[in-house]
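Asks: Here are the chains, one letter per residue:
Protein chains: 2
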Amino acid sequence: MADKKNLLLLFDHPTEPVFMDKGGNGTVFDVPASYVTDRYNKMCKKVQRRVSGGFEKNVLVKEIPIPDLSCSMRLGRSEQFSLFLESHRQMACHLIDVFIKMPTVDELQSVAVYARDRVNPVLFNYALSVAMLHRSDTKDLGLPAFAQIFPDRFIDSQMLRTMREESFVVERSAARLPVHSSVKYTASDLDVEHRLWYFREDLGVNLHHWHWHLVYPNTAPDRSIVDKDRRGELFYYMHQQIIARYNAERLCNHMARVQPFNNLEEPIAEGYFPKMDSLVASRAFPPRFDNTRLSDVDRPINQLRVGIDDMKRWRERIYEAIHQGYVLDANHKKIVLDDVKGIDILGNIIESSQLTPNKTLYGDLHNKGHILIAFSHDPTNKHLEYAGVMGDASTAMRDPIFYKWHAFIDNLFQEHKRQLSPYTEEDLTFPDVRVQSIQVESQGQVNRLTTFWQESDVDMSRGLDFVPRGHVLARFTHLQHHPFSYTIEVENSSEATRYGYVRIFLAPKLDDGNATMLLEQQRRMMVELDKFVVTMPPGSHTITRDSTESSVTIPFKRTFRNMDNPGEPQNFLCGCGWPQHMLIPKGRAEGLSFELFVMVSNYEDDKVDQKPEDCECSIAASYCGLRDRLYPDRKSMGFPFDRQPRSGSELLEKFLTPNMCSIEVIISHEARTEKIPELPDHS
Amino acid sequence: MADKKNLLLLFDHPTEPVFMDKGGNGTVFDVPASYVTDRYNKMCKKVQRRVSGGFEKNVLVKEIPIPDLSCSMRLGRSEQFSLFLESHRQMACHLIDVFIKMPTVDELQSVAVYARDRVNPVLFNYALSVAMLHRSDTKDLGLPAFAQIFPDRFIDSQMLRTMREESFVVERSAARLPVHSSVKYTASDLDVEHRLWYFREDLGVNLHHWHWHLVYPNTAPDRSIVDKDRRGELFYYMHQQIIARYNAERLCNHMARVQPFNNLEEPIAEGYFPKMDSLVASRAFPPRFDNTRLSDVDRPINQLRVGIDDMKRWRERIYEAIHQGYVLDANHKKIVLDDVKGIDILGNIIESSQLTPNKTLYGDLHNKGHILIAFSHDPTNKHLEYAGVMGDASTAMRDPIFYKWHAFIDNLFQEHKRQLSPYTEEDLTFPDVRVQSIQVESQGQVNRLTTFWQESDVDMSRGLDFVPRGHVLARFTHLQHHPFSYTIEVENSSEATRYGYVRIFLAPKLDDGNATMLLEQQRRMMVELDKFVVTMPPGSHTITRDSTESSVTIPFKRTFRNMDNPGEPQNFLCGCGWPQHMLIPKGRAEGLSFELFVMVSNYEDDKVDQKPEDCECSIAASYCGLRDRLYPDRKSMGFPFDRQPRSGSELLEKFLTPNMCSIEVIISHEARTEKIPELPDHS
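Here the protein sequences come in this chain order: A and B.
So the first sequence is residues 1 to 683, counted in my numbering.
So the second sequence is residues 1 to 683, counted in my numbering.
FYI, nobody ran anything at the bench for these hints, they're computed from the structure.
Computed from a prediction, not measured in an experiment: that's the story for all the values here.
Treat the hints loosely; a few may be bogus.
[As the list claims (entries may be wrong)] Reference excerpt, derived from the structure (chain A facing chain B, CB under 7 angstroms, subset only):
1. SER70
2. CYS71
3. ARG74
4. SER78
5. ARG164
6. ASP191
7. PHE289
8. ASN291
9. SER295
10. HIS377
All residues carry an ideal CB built from backbone N, CA and C; glycine is no exception.
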C-alpha cells in the first residue's frame, strides 16, 4: 500500500513534469508509461535516472483506469486559475469529486499522478488540498504551506531571479545566501497608501486569507464541505476584523480610516503595481493604474458577464432585505433576518456562497466586485489579459482597493446589525463576577507594548521549478512585537465556582482627528486579541495569559517555517489564522494610545454543546472556526461590540459593566530591524 | 595576446556572473580574484571547475588597474536601461569612452570582464557593442544578434518558461523541441489593431529598429560617432518608410491609415499589453490600458522632467522655423533650411541628437514623446515602475502608438518638404534614357506576388541564464513571400554608355475608400523596394534584378540565424536593415492592387565621391547608410517622392517622365503556414 505521505510530494515543483525528482532526495514516482504526457513519453525513464543521480527511491504508482477528467482539463495549463470565477470553481469541483471518490490512497495517488501534468497546476493544488482535507484517510496529513509551493504569489519577481541564480551558481545549499525581499518595492513614499506595505504585503496576512478561503470553499461537489457552522457569519466577521485592523494601522500611519468603495462609477484613485510574476502563467500579475474606472465585464472565455448595473441592483435588494428584516428564498418564502441567524444568512448572500438562499435575486455581490476590479484593465478580454491580484485570495490583500471594497461590504453587514436591539446591561453583565483590574506587561514595561522590524526566512525551493535542487531561503522583513502577557484580577463574589469566557479587544483611543471616539465608531475598530475560558473559584483570582496563546493567531513558526518534514502530521486548519507577528498594530515612534478592553462573560451561556476536541490543533478559532466542529462561542461574533451600544453608553467608559474593564495601552514602534545573524561563510 | 573573438563571449548569458562557462563548450574566463564580485569571491574557482566539467578552456584575463567606472555603475544591475533617457546615455557614454580608450584588446578584455558583473547588463551590452563597432581592432568582429542575447525583448514570457523546461528536463539539445511562439498572444480579434501583430511584433522589424539606433547613437563621447553622413535625414527617412510600410499593411487589413498623435491631451485609445518579461529587470514590461492619458513626467530618479507644455512649445517652434525657412543656433545665428541640408538639420533637431543646433530652443521632441508615452502608467515614479515598450528601441515598434507618434513626427518633416519647390520635369528626366517596360515575375506568375506564413527558428540559448547549456530553438511564425525578380527594359538612345540609378518603389493603387489616390497622398505611401546602379550601353537593354538583392533589406538568414560561429567576421552594419521577409506588404486573400514604380536616374548626377567600398557588406544602405562612408546617393532620400508633385501631375501617370514606368502588381495572401519538417525523434 502506498505511503500516504508521498501524496505530499505531488505538491512539489508544481509546473515540472510529475516524473521529475521530488523532495530533494532523489525520490521519483514510478509513473506508468500510459500516464506520461506525449512530450516526455519516450524519455521519462532516462530523465529519471539522470535527475535522481542513480540513487532513485521509487514510489510505485499503480496503473488504474482513469476517470474522465476532461471537465477539469478545460482550463489551460498556463492559464490563471481563480476561485472567484464560477467556471473555474466548477472545474475544481469536478476534480475534488474525482479525488474524494477514489476508494484508497493508492488509487488517489494514481489519479493525482495522472492529473498532475494535465490540469492547471493551481487548480490541481487546490483540488488535491480540499480533497485531502476532507478525506478521512488523508485529513491528518499536514499540507505544505502555499507560499512554499507558489512563492511567486508572495514575493517580488526580482527575488525569483536571484533565487534561480543562487541555485544555479552555488551548488551546495549550505553555501547559498538567503535572498532578501526588498521592504519597499511596490511603491515610493509619494504613494501615501504605501505606508501600509507591511500589512498589505505581509506573507502571513496573505497566507491567512488564502487559507481561510481554502477551509471555507464557497462551492463544493458535496454541500457539507461548504455548509460549515456559521460560515456566513464567519465570512462577515473575519473580513470585518481585517478592516478594523487595517484602520488601526492607518491611524498609526497618520491616515484616515479607509473610505468604502460606494460609488462603482468613480475612478479608483489608488493604483497598484504588484510586481509579481505568476510562474504558472509565465505572465506578470497585471497592475491597475491610478484613477482606473471599472467597466462592465464580458469575457466569454471565462463564462463571465457582470455589469455595474447588476451590482447596484444586488446591493439595493440586499439593503431592502435588511431594512425589511427578511430575505426571500427561491420559492418566495420569507426567511427572517433575526438576531442569531440573520448575519449568517446575509454572509452567505453577500459573499455569495453556495448556501445563498436566492442567488437570482441577491446575486453575487462580493465575488463579482473582486472580478470587476480584477479585470478593470481588460474587461472584455480584448487584450487576452489575466486577472489582477484582486482575482485571487492569495494576492487580493496586497491591493489597497481590497480594503475599500471590504469596507463597503462591511457596511452592509453593519446596517443589519444596526437593526438589532442593543445589548442591555443584563445581556452584558455576569452576576457576581467583577473584573477588578487588568494590565499588560512586556519586557518589564507595564501597559506599554513595542513593535519593531524583524527578518525571517522561508525555504522556497519546493516552488522553484527547473533549477538545481537544494534549499533556497527567502528573507522577509516584517512587523514584530515583543511578546506580552495579560494579568487580569477577577472577583467571584458567589459561593460557587464560575466559568468565565474572557474576551479581549483593542481599539485606538482617539480618532484620526485626535478626538475621543464615540463608542459607535470605536466598536467598529475593536480588534479581537484573544478569547479563552477560565475557571473562577469563589473569591479573588489572578488570571494570566500570554499573547502567544491568542485565539486569533497561528504561531509564528507556522508562517515562517521550513518544511523539512512535509509529512509531519498537523491539522490543516492550523494554517488558517492571523499571523502572530501581526497581532497588534504598529503604533507610532512616539507611542500611540489604545484602549485595551477585557470582558468576562458567563461561559455557561456561551459554550456550545459538542464533545471535546479530538485534535491537538484548536488554535485561531476566532477567525477560522474549529475543524468539523461548531464555532466555540454561542454569542454573535464580535460580541459585545457587534451591535450599537445601548442608550447612555455613547462612550466606552459608560458601556462598561462590572465584568468589564478597560485601560490605556501605549504602542510604540522602534524603527530598527532585528536581523538574522550572518552564518559563517561555508563556501 | 588575447584572441579578440573571446570578447564576443562576454555577451553570452548576460546576467550570469562573468566566471560562468561561455560558448557552450566549457570555456571560462580566468578572472583575477580582485575582479570577482564579493558574493562569489571565495567560490569562483570551485564553480568554474564544476560548470566546465573538468574540460575547461581558460581565457586568460590580464589583471590591470581598472579606470573609475562609478559613473556607469550608478544604474542598478536590475534597473531598466533606456537610450531615451539622457542620464542613461551619459552613463553609457562614459563606459564607451573607457572601452574605446583601452590601448589593446587585452586591456579591453580586462576592463570588460571587470565591468560585466558591476554595470547594468543592457548598458554593458550597448557600450561594448558601440565600442567594438568603432575600434579599428575589433570592428571586423560580428556582434551576436541582440535577440539571441536578450530574447526576453522579442518573445512572449511564456516561451521563456517553456525554454527553461526544455533545457532542464531534456539533457541533449538534439532531443529538445523548438518552442513555438504563439502567433496571436498580445490581443484578441476584438482589438482591430491586433490585425497588424505580424508587423509590429516581427522579430526582424524590431531588430532592424534596434540596430538602426545602435549604428546611429544620438549621443556619444566622441562626436564623430554621432556625426555620420546625413544622419538627421536618415532618421527622417527610415521612420517615414516605416510609416509608409505600416499604412500599406493597414490597407491590406482593411484599416484606414494611421492617425497622427497630434493632440497630446487626448486619451490614447489603443492599449497595449506586451506580455514580455525583462530578464534583466526581472519585471514585466508594463502595459498601457485603453484610453490612457499622458501626464507630465517628473521622475527625479531618471533625472527626467518633461511636460506636455514643453512638447507643444517645441512643436510650435519647429513649425515656425519650418515656415520661416531657417532655424536659430545657440548663438542666434540663422541656419537656412535649404533643399539639400534642411531635412538633415531638422532630423537632428526633431529626434533630437547631439547634433541639434539648439536644444534649448527646439527641445527634444521625438525622444521625449517616447518618454511621455513610456511612462504614462507611472509618470512620477510613484509606483517605482520602469518604462513601457516605447522606452526602448528594441521594443517600441510593438506598440500601436509608435506609429501614431511617428506619423505625427513625419508630418513635421513633410511640412518642411512642402516648402520646397516641386521637382521639375527637367529634374526628373534622364535625357536619352527611356524605361520601356517593367514587370515582376514570381513562381511563373507575372505581376502577381504571393505572401504566406512561414515558421523559422532562432537559437536563443545564449540569452537563457541559469539553465543547463545546449541549444534551445524559438520557432517564430512570420510573414514571407515567394522571391521575385524585376525585368526592366530600358533604351539608351544616346551614343554613349550611360550609368543609371534604378529606383524601385511600391504603393497601394487605391486608397482605403477604394478611390484613386492623388499622388500627394500616394507618394507618402511609396515604399522603397530597391535601388541599384546599372550600366547601359547604347541601345535597348534588359535589366533583371532579384528581390533578394534589395538595397533596403538584410538577407533572411541574418534575422533567423543560428550563431554557431559567433566569431565569424561580418560587418556589424549588416545587422541593420529591413528584414527580407517583410519586403512587401501582406496583400489580401483576394489580391490587392499596388503600383510598382521604376525610375532610372542619371547615376553621374547621383553618385557621391568616395573610394570604392572596402568591405563585403554593402547591403541595406537605403535605410542604414554605409559604414564609415557617405550615403550612396546624392539625391534627397525618398527621391523622387520626397516632395509635392509638380503642377499638372496630380496623379502618378501624369508624373511619369520617359525614364519612369509604373505597372499594377497584385499581392495575394495565402493563409497557409510553411512549417519546418519535424525531425525524427532523437530522445
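Asks: Next, verify each hint and record whether it holds.
Replies: Here's how the hints hold up against the structure:
no.: 1; hint: SER70; verdict: violated (23 angstroms)
no.: 2; hint: CYS71; verdict: violated (24 angstroms)
no.: 3; hint: ARG74; verdict: violated (18 angstroms)
no.: 4; hint: SER78; verdict: holds (6 angstroms)
no.: 5; hint: ARG164; verdict: holds (5 angstroms)
no.: 6; hint: ASP191; verdict: holds (5 angstroms)
no.: 7; hint: PHE289; verdict: holds (5 angstroms)
no.: 8; hint: ASN291; verdict: violated (9 angstroms)
no.: 9; hint: SER295; verdict: violated (9 angstroms)
no.: 10; hint: HIS377; verdict: holds (5 angstroms)
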